Structures are given as C-alpha cells and as structure tokens.
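So you can see what is in the structure, the chains are spelled out below.
2 protein chains.
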Amino acid sequence: MLERIRIVLIGTSHPGNIGGTARAMHNMGLADLALVAPRCEPLTADTVSRASGADHIVHGAQTVETLEQAASDCTLVVGASARSRTLPWPMITPRALADRLPTELASSEARVALVFGREDSGLSNAELQRCHAHVHIPTNPDFSSLNLAAAVQVLAYECRQAWLAQQEMPGEADMAPAQPLASHQELENYFEHLERTLVAIGFHDPATPRQLMARLRRFTLRARPERMELNILRGILTATEQHAERRD
Amino acid sequence: MLERIRIVLIGTSHPGNIGGTARAMHNMGLADLALVAPRCEPLTADTVSRASGADHIVHGAQTVETLEQAASDCTLVVGASARSRTLPWPMITPRALADRLPTELASSEARVALVFGREDSGLSNAELQRCHAHVHIPTNPDFSSLNLAAAVQVLAYECRQAWLAQQEMPGEADMAPAQPLASHQELENYFEHLERTLVAIGFHDPATPRQLMARLRRFTLRARPERMELNILRGILTATEQHAERRD
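Quick mapping for you: the protein sequence lines, in order, are chains A and B.
Under the UniProt record's numbering, the residue at position 40 of the first sequence is numbered 40, and the numbers go up by one with no gaps.
Under the UniProt record's numbering, the residue at position 44 of the second sequence is numbered 44, and the numbers go up by one with no gaps.
If you're looking for bench data, these hints aren't it; they were derived computationally from the structure.
Just so you know, these numbers come straight off a predicted model, no measurement behind them.
We put the beta carbon where it would ideally sit given N, CA and C, even for glycine.
Check each hint, because a few of them may be wrong.
Chain B stretches covered by chain A per the calculated footprint, using a threshold of three residues with CB under 8 angstroms from any CB of chain A [what the hints assert, rightly or not]:
(1) 55 to 64
(2) 124 to 135
(3) 236 to 244
A few chain A residues that don't get close to chain B, going by computed Cβ distances all over 10 angstroms [claimed, not checked]:
(4) Gly-11
(5) Asp-32
(6) Ala-54
(7) Gln-62
(8) Val-64
(9) Glu-68
(10) Ala-82
(11) Thr-103
(12) Ala-106
(13) Ala-126
(14) Asn-147
(15) Ala-149
(16) Gln-161
(17) Gln-166
(18) Glu-188
(19) Glu-229
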C-alpha cells in the first residue's frame with residue numbers, strides 16, 4: 001500500500017526541505033517522490049544533510065513541470081491546504097484521509113498523490129481545484145504555517161499508522177470499488193472536453209468564468225468517477241458538440 | 001490541557017533542531033519547553049531561522065542540568081525511545097498516549113513531560129528508567145531514526161488531535177457540503193431533463209437503454225449534488241436542447 005503513495009512537492013525553494021521530506025518519507029516507508037518545478041537545486045549539501053541517509057529518495061524522484069504530469073496516473077489527488085478559500089472544496093483531516101487509504105489503494109492500479117505547495121504561498125487555486133479533496137493539518141490558529149517537511153512528516157506518519165492498522169486487521173480490501181476509477185489525466189481530458197463543449201453551446205464564456213468550471217470540477221471530483229462513467233460523459237459531450245457544429 | 005504538556009530535550013547538539021522543535025510546538029499549541037544540558041548554544045541564527053517566528057518558545061525555555069529538574073513537577077513522564085532495551089518498560093504508541101492525555105491532565109495540577117534524547121544516542125538507560133512509560137513512533141525498521149524536530153512534531157500533533165477530540169470540535173464534518181443539497185424531487189426533475197436532452201441530441205434511445213440512465217444516476221447521486229450545482233447542470237441541458245431544437 002505505502003509504495004503506491006506519492007509525495008508531490010510543488011515549487012519548493014529550500015533544498016533542506018526536500019532532504020527533510022525524503023527523511024520523513026523513508027522513516028515512514030514511503031518512497032515515491034515527485035518534484036514539480038522546484039525553485040531550487042534539489043540535490044545540494046543541505047539536501048543530503050537533512051536527508052540523513054535518505055537521499056536516494058531524492059535521486060529517484062521524478063522532476064516535472066506541472067501537477068498534471070506528476071499526478072497523471074493517480075486515482076486520488078489530495079492537496080495539503082489551509083482552510084478553503086473562495087470556493088469551498090471537500091476538506092478532510094489527516095486521520096480521516098489515512099483511514100480511507102486502505103480502501104482507496106485496494107486495487108493494484110490505484111495511486112494516491114499527496115500534494116504540498118510552496119513554502120511561502122502554498123498551492124495555487126488552479127492546483128487546489130485539480131485535487132479531489134484538501135487535507136488540513138489542524139494547527140494553532142495563531143501560528144498555522146507548518147514547515148514543509150514537518151507537514152510531510154505528519155501525513156506520512158498517518159499513512160504508516162493506517163498501513164499498520166491494516167496489517168493487524170486484514171480483509172478490508174473487500175470495500176474496493178468494483179470498477180477502475182478514472183485517472184487524474186483522464187479527468188483533466190474530460191474537463192477540457194467539457195469546457196470546449198460548453199463554449200460551443202454558448203453556455204460558458206471563458207472571459208467571464210463565474211467559477212463555472214471550478215463548480216463543475218468540484219461536483220465531478222466528489223463523485224470519484226469510474227473510467228466507464230467518464231467515457232459515457234465524454235460520449236455525451238461529443239454528441240452535443242456535433243449538434244453545436246452542425247448548427248453554426 | 002495543551003499548556004500543561006512540557007517538551008523536554010536532553011543534550012541537543014543542533015540549534016536548528018531546537019528551532020524546529022519550537023516551531024512544531026507552537027504550530028500545535030504547545031508552549032512549555034525545557035532544555036536539559038544542551039550540547040550547543042540554544043539560541044543561534046539557525047534556531048531563529050528554523051523556528052520561523054516561534055523563537056519566543058526558546059526564549060521562554062528553562063535550561064537545567066538534569067531530567068529530574070526539568071520534570072520535577074510532572075505527574076506523567078514519557079520518554080521517546082526506540083524499542084525497549086535491556087529491561088523492557090511499558091511501551092505506548094503516540095496515539096495511545098494522546099488518548100490518555102485528557103484523563104492524565106484532568107486535574108489542573110497535573111503536568112505531562114514528553115522527553116526526547118540526543119540526536120546521536122537518544123536517552124540513556126538511566127533517563128529511560130526515570131520515565132513512567134516509553135513512547136515509540138512506529139517507523140520503517142530499515143530507517144528508524146527520526147529527526148528530533150520531526151519526532152516532536154509527530155507527538156505534538158497527536159497531543160493536539162487529542163485536545164481537539166476533547167473539544168469535540170466539529171472538524172469531523174469533513175466532507176459535508178456547506179450548501180443545501182438537492183431534494184429528491186429536484187433530482188428526479190433533473191434526470192427527466194437529462195434523459196430528454198440525451199434523446200434530443202441522439203445519444204440515447206429509450207428503446208435500447210443499455211443501462212445508460214442507471215449509470216448516470218448512480219454517478220450523480222454518489223456526488224450528493226447541491227441545489228446550486230443541479231441548477232448549473234440544468235442550465236447546461238437547456239443550452240444543449242436549444243442547439244438540438246434549432247437544428248431539427
């Protein structure tokens with residue numbers, strides 16, 4: 001289970017935090033690290049020092065340009081976030097997230113991405129809206145900003161707790177969804193198709209978006225679409241587009 | 001409750017770890033720090049940098065020579081430790097410890113000390129034997145040594161979780177939508193509208209339904225749509241229908 005949990009760091013500025021993240025991951029039995037557009041050299045003396053023997057995790061990390069690339073094969077994408085902003089998104093506690101992991105990862109094709117933002121500004125709204133849910137680590141409201149590696153430590157610890165609990169209590173794999181879920185990439189392709197179609201039928205004007213796409217994303221992601229369901233929805237979009245084209 | 005939990009660091013070598021500990025404590029609402037025979041200057045530029053705004057915790061820390069002095073007024077003393085050594089001692093997991101805290105700290109005179117050892121060698125046997133119990137953070141057996149501040153972070157996080165649970169904070173409202181949900185009737189109206197539209201665009205033939213509507217129902221109901229979301233979806237259907245009608 002733990003090998004199918006990916007830690008995604010976006011726009012990290014301090015190599016020490018990458019090293020600290022690697023150490024926290026290896027301590028808790030996680031190994032899959034993705035760096036999205038790091039704003040520093042990932043492998044420096046600071047990285048190795050803070051990794052304290054876990055720098056192979058950084059050597060093995062994939063470095064990519066976007067969250068889409070980092071999470072393309074993931075069936076659940078959860079962004080670490082403070083309280084939700086303009087558009088409330090499903091919020092989950094670290095413990096509730098961990099409790100769900102054995103079910104989420106029951107299928108061998110399932111992958112979970114835990115996404116962490118920049119030290120100074122966290123995740124952007126666009127990034128947050130690409131997540132199925134947001135996880136908020138409860139903190140002192142007067143001093144809520146956790147160190148990046150410390151936040152990874154807390155979530156990685158909860159992942160390991162969930163895994164240990166599962167070892168003691170097998171048989172939970174029964175709750176696995178029957179059908180393969182859509183991957184992050186398939187979902188993004190769908191949202192692109194949806195937006196194109198809404199423009200074609202004159203329902204959506206990207207110049208005055210009124211949070212339309214965000215609302216549709218939130219609704220769709222909440223349902224955790226299966227691949228087959230997404231195929232049906234895309235079929236509907238294609239039929240709709242054909243009507244729109246013929247008319248114009 | 002949290003104000004009566006003391007973090008005790010014994011023989012710390014790296015000021016950065018003292019700063020990281022202060023940050024982790026303040027993040028989780030702990031404030032009481034004791035330094036026992038530190039092996040470094042506790043307040044350096046590294047401390048302040050890693051504390052990231054929580055260095056007042058270090059300024060307010062008591063510095064003493066022995067664990068006895070640091071924990072003299074504590075009613076429960078728990079030492080962070082790897083698996084027990086020569087003489088097995090009561091071992092407790094971080095979560096079990098946290099679950100006990102509200103009871104342990106029910107009296108206003110009660111105090112708990114959580115004791116952390118040296119970066120290189122942990123707590124001595126003499127120190128471990130001064131503890132009521134030992135707490136072990138479950139780790140990867142191949143890489144079990146946590147960073148000192150990361151270990152404090154995990155235990156401080158569990159303390160805060162226990163405190164929040166005691167407050168019966170409504171943080172468990174997790175995935176609950178903030179907006180009014182669509183009623184059964186509104187959903188049924190939506191499904192009727194959806195089917196009509198799918199027929200109009202030639203995607204659906206009620207004579208050969210292929211479970212299409214059932215699949216779309218299951219998907220939609222799973223998301224527990226809000227009323228406002230359903231209004232958006234109906235707006236899309238209306239726009240789609242208009243295109244279909246004009247064409248026919």
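Consistency of the hints with the structure:
With 0 residues bearing a CB less than 8 angstroms from a CB of chain A, the segment 55 to 64 of chain B misses the requirement of three and the coverage assertion fails. With 0 residues having a Cβ less than 8 angstroms from any Cβ of chain A, the segment 124 to 135 of chain B misses the three-residue criterion, and the hint is violated. Counting residues of the segment 236 to 244 of chain B whose C-beta sits closer than 8 angstroms to any C-beta of chain A gives 6, which meets the bar of three, so the coverage hint holds. In this structure Gly-11 of chain A is separated from chain B by more than 10 angstroms, as the shortest Cβ-Cβ distance comes to about 18 angstroms.
Even its closest Cβ contact with chain B, about 14 angstroms, leaves Asp-32 of chain A beyond 10 angstroms, as expected for a residue assigned away from the interface. Residue-level check failed: Ala-54 of chain A sits 6 angstroms from the nearest beta carbon of chain B, not beyond 10 angstroms. The claim that Gln-62 of chain A is not at the interface with chain B holds, since no C-beta of that chain comes within 10 angstroms of its own (minimum 21 angstroms). Listed as outside the interface, Val-64 of chain A is consistent with that label: its C-beta sits roughly 26 angstroms from the nearest C-beta of chain B, beyond the 10 angstroms cut-off.
At the 10 angstroms boundary, the C-beta of Glu-68 of chain A stays outside the reach of chain B, the nearest C-beta of that chain being 22 angstroms off. Non-interface call for Ala-82 of chain A relative to chain B: holds, since the shortest CB-CB distance, roughly 12 angstroms, exceeds 10 angstroms. Even its closest Cβ contact with chain B, about 14 angstroms, leaves Thr-103 of chain A beyond 10 angstroms, as expected for a residue assigned away from the interface. Even its closest Cβ contact with chain B, about 17 angstroms, leaves Ala-106 of chain A beyond 10 angstroms, as expected for a residue assigned away from the interface.
The beta carbon of Ala-126 of chain A sits about 20 angstroms from the closest Cβ of chain B, which is more than 10 angstroms, so the claim that it is off the interface holds. Some Cβ of chain B comes within 10 angstroms of the Cβ of Asn-147 of chain A; the nearest lies about 6 angstroms off, and the non-interface call is violated. In this structure Ala-149 of chain A is not separated from chain B by more than 10 angstroms, as the shortest Cβ-Cβ distance comes to only about 7 angstroms. Separation of Gln-161 of chain A from chain B is inadequate, the least Cβ-Cβ distance of about 7 angstroms not exceeding the 10 angstroms criterion.
Every C-beta of chain B lies more than 10 angstroms from that of Gln-166 of chain A, the closest at about 13 angstroms, which supports listing it as non-interface. The non-interface label for Glu-188 of chain A is consistent with chain B: the shortest C-beta to C-beta separation is roughly 18 angstroms, beyond 10 angstroms. Separation of Glu-229 of chain A from chain B is inadequate, the least Cβ-Cβ distance of about 5 angstroms not exceeding the 10 angstroms criterion.
Checked against the numbered hints given earlier, this structure breaks hints 1, 2, 6, 14, 15, 16, 19; the rest are met.
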